[in-house]
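Asks: Residue strings, one per chain:
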Amino acid sequence: MPLLKRIVSTLGSLVLTLFGLSVLTFFIGRVMPTDPVLAAVGDNAPQSVVERVRAEMGLDQPLYVQFGHYINQLLHGDLGKSILTSNPVITDIARFFPATMELATAAIIIAALIGIPLGVWAAVRQRSWVDQTIRVICLAGHSLPVFVLALLSLLVFYAVLGIAPGPGRQDIIWQDMVPQVTGFLTIDSLLAGETDAFWDALAHMAQPLLILAYFSMAYITRMTRTFMLNALSGEFVITARAKGLSSRRVIWRHAFPTVAVQLVTVLALTYAGLLEGAVVTENVFAWPGIGQYLTTSLMNADMNPVIGATLLVGTVYVLLNQLADLLYRLWDPRVK
Amino acid sequence: MLVEIENLRVAFRSRSETVEAVRGVSFSVGREKFAIVGESGSGKSLTARSLMQLLPGNAEVSADVLRFDGIDLRGASEKVLRKIRGKRVGFILQDPKYSLNPVMTIGQQIAEAWREHKGGSHKAAMQAAIDLLEQVKIRDPAAVAKRYPHEVSGGMGQRVMIAMMLAPDPELLIADEPTSALDATVQAEILKLIDELVSARGMGLILISHDLPLVSHFCDRVAVMYAGRIVELLDAGQLQQAQHPYTRGLLACLPSLRHPRERLPVLQRDAAWRN
Amino acid sequence: MIFFSREWLLDDTPANRRQAVWGRRYRLWLSLRSNPLAMAGLLVVAVMLLLALFAPWLTPFDPGMQHLENRLAAPSAAHWLGTDELGRDVWTRIIYGGRTTLGMVIAVVLLTAPLGLLIGCIAGYAGGFIDKALMRLTDIFLAFPRLILALAFVAALKPGVESAILAIALTSWPPYARLARAETLQFRHSDFIAASRLTGASPLRIILRHIMPLCVPSLIVRVTLDMSSIIITAASLGFLGMGAQPPSPEWGTMIATARRFLFSEWWVPLMPCIAIFLTSLAFNFLGDGLRDVLDPKER
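Line order of the protein sequences matches chains A, S and V. Sequential numbering from -18 applies to the first sequence in this note's numbering. Sequential numbering from 286 applies to the second sequence in this note's numbering. Sequential numbering from -19 applies to the third sequence in this note's numbering.
Don't read these hints as lab results, they were simulated from the structure. Where a beta carbon is used, it is the ideal one built from N, C-alpha and C, also for glycine. It cannot be assumed that every hint is accurate.
As the list claims (entries may be wrong) - Per the computed footprint, the stretches of chain A lying under chain S, defined by three or more beta-carbons under 8 Å from a beta-carbon of chain S, are:
#, region
1, 8 to 17
2, 255 to 268
Claimed, not checked - A few chain S positions that, by computed beta-carbon distances, are all more than 12 Å from chain A:
#, residue
3, Leu378
4, Pro381
5, Leu385
6, Ala409
7, Arg432
8, Pro434
9, Pro455
10, Ala469
11, Val516
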C-alpha cells in the first residue's frame, strides 16, 4: 500500500523535524544562557523561587536527562511560566495567538487575491511597462523593513491624515464586550450581531493588515511571475494557441494550472513570513498578538515565553510546509 | 491555393544585434503534400510558425504576401487568426513530451479542440475524442483518454497530437518535424499515418523535416532551405535532378544499400550559398 | 598583442586559459553594464562602501558628541540632516551607522557563505545518510522564520552587535547549503567528475577543487540578493532593541530611539529609514542584474 507507506514516512519526517525543533529550542533556552534559571525566573525573583526552579530544571543533571524532562514537559503542554504575566506560557499563547492568526489569515487572502493575478499579468506582458511597474512595486516590498512601512503608515494615515484609528485592536469602549467564539474579533462581533464593534475591529485591523498584505504580495507576485514566465515558454502553450483557443483560456486553463501547485508551497512559505512580519508590525501598532508577546518578553529578558513562542511559530511553519507538500503530491499528476 | 507566401522575413532583435533567421522565402501550397527540408538553423520551423503567427514575442515578421485561402495574415488581429488556427489549419509540434499539456488528460485536451470549434456538450466532445483516438490507430482509446501525457510513449503522444489537431477538421496541416523526437522504428509509422489521414480528408500538408529521403517518399514537392533561404524547389520525384550544390551535397551524403561506398563524402559548405 | 585591451578580451579564439577566463569575465561585465538598474545599484553600493570606509574624513562631527542645547534641530547648512534627540548630528550618525550595518552584513556573509557552500557540497556529493542528516539539519534551521530564530538566539546571548551577527549568521546559512547541494547534484554524475575520481583524487579534493568553484556563480547571486534581507533583519533586531545597543549608531536602533518623535520631528527617525531603503534597494538591483548575467534562465 504505497499510500499508507507515504503517510507513515511523512509522519515520521514530521516527527523528526519537530524533534529537531525541540532540540534547537532546548539548546537556546537551557544550554546557551549563562544562567538558565535566572533567565526563566528573572533577576528579581526571591531566592526560594530560584532554588525551587533550579531543582525543577535539574541543572545539575546530565544534559540528556534535562532534555528528557524538557520533552516530557512539552508533550504535556508545559512551556513554563512567564515572569511578566505570571501565567503559564501556554495560556498566554492561547490568548494571543488568535489575534495574530486573524491578521495573518486576512493578509494572506488579500495578498493572494491581488498578488496572483498581478503576477500572471506581469508574466503575460513581460518587458512592458506593466511588468516593469509591478517588478518595481515588488522590489520595494523587498527593500523595506516591515517596521519602516508601519511607522510611515502610522505617520501618514494616523497623524497627518487622521483617518486611521489609534493603536490596539479595538477602541476602549469595546474592550471585552464581544463574547469570544473563534478569537477572531471580526467574526465574533458579527456572530454577536454587534456591527459597530465589527467596523471598529476592522478599522483597527486595516493598517497592520494592509502592510502585511503588501509584503506578502511582493513575494507572491514575484514567484507567480517567475513560474508563469516558465510555463508560458513551454511548447504546450504554443499547442494551445495553435488550437485556436483564446488568450485568456491559454493563460488560465493551460499555463496557470501547471503553476498552481507550486503556488501552494509559496503560500505556505508566505504564511510563515507573515508570522515573522507580525512580530514588528504588532510592536508598532500595539496589536495584542503573539509578536507583541514575544517582543515584550524579549525586552524584559523573560526567556520562557520567548522559547515557547519560537517553538510555536516553528511548529506552525513545519506543519504548513508538510501540508503544502501533501497537497502538491495529491494534486500534480506528474508526481503521482 | 491554400497558402501563398512571398518574401517572408523573420528577424530577432536583441540589445546588441539583429539576426535575420528567414531571409526572403517564397512558396505556395495547394491541396498537396509539401515538404520543407533543411538542417538545424535553416529557418524552416520559423517559416512554418510564421504562417500562424506562433512565433515568440521578440520576433519581427514581414512579407510581401502572407495569405491563407486569400486572407491576408500580415499584422492580422487575434480575432482573425483565431478563426484560422485550429479550425482551418492544424499544427503538430515535434516532441509530445513537451507539446502536450502535462496536467490535462489526453481526452480532455482532444475534447477541448473539438468543442472549441464544433461546440456541443462535454460528453459529446469526449466521445468524439475517443473516436479520434481510434482513427489514429490507438488501441483501447477509452483508457488512453483518461491518461496523462507523461504516461504514454512518444509514438502514442504524437498520435494524440495528430488526433487533437485533426479534431476540428482543418483544411491544412502543418507538421513541424513530427518524427524527429521518435525512435527510428516509429518514425515511418507516424508519417504513414499522417499521409493516410491527410489523403483521406483531402487536406493540404506542409511537412518540415531534416530528413530528405524520408520526405521525398511521402510528399509531392520539396523545398530545400539553407541559411534562411530556399535554395531549391522541385517535385519529389525529380530529386535526382537537383541543381543546387547544397542539395546535391546532401543527396551524395546518403548511404545507399544498392551503391555501397568505402567512404561517405562530407558536405563542403560554400559561403556563396548564403546569397 | 596588448594584454587587457578590448580586442584581446573579446577575441573569439583565445590563445591560452588566462585569456579565455578574462575574456569571459569581461563579457559578463559588458552584459551587466548594459543593465541601467544594476549599474545604479552598483554605484550606490560602491558609494556606501566608500562612505563607510572613509567615514572619519567625511563627517564633520563626532557621532557620539551630544549637544543637548541643539536637540532635534531641523536640517540646515550646519547639520545637513538635522540633529537627533541628544543633539548629535544625524548625517554623521547615518554614515557611522552604515559602517555598523555594512560591517555586520559582511561579517554574516563571511561566516555563512563558505559554511553553507561546504555543507551543501558535502551533502550533495556524499549522498546517502550524510546527505539526509545534513539536509535534516538544514530543514530544522529553515523551519523558523529568520527574524524569530535570530531573536531567540540574541535573547539567550547578550543583546549587542556580536550576538546579532551570530544570530543572523545561524539563520542565514541554510539557503546557501540548499543551493550548493542542488548545484552539486547536477554535476555529481558528470563525466569530468568521474574522470577526476579515476585519476585517484580524494573526495575532499574533488569537492574543493572541482565542485565548489562551479557553485560559486549562483551563490554570488544569492548572496547579493540576500544582502538586503540581512540588512533588514539587522535593522529589525536593532529596532527591537536586540541588535546594536545605543549609543551605537545602527540604523534600526536609531529609529527605535527616535520613534517617539515620529509625529513631530519626523526627520529624525525618517533618515535612517531612507538609508535602509536605499541600501537594500541598491543590493536588490545589483543582485537582479547579476542574476540576469550569471544565471539567465532564472529571470
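Asks: Which numbered hints turn out to be false for this structure?
Replies: 1, 2, 3, 4, 5, 7, 8, 9
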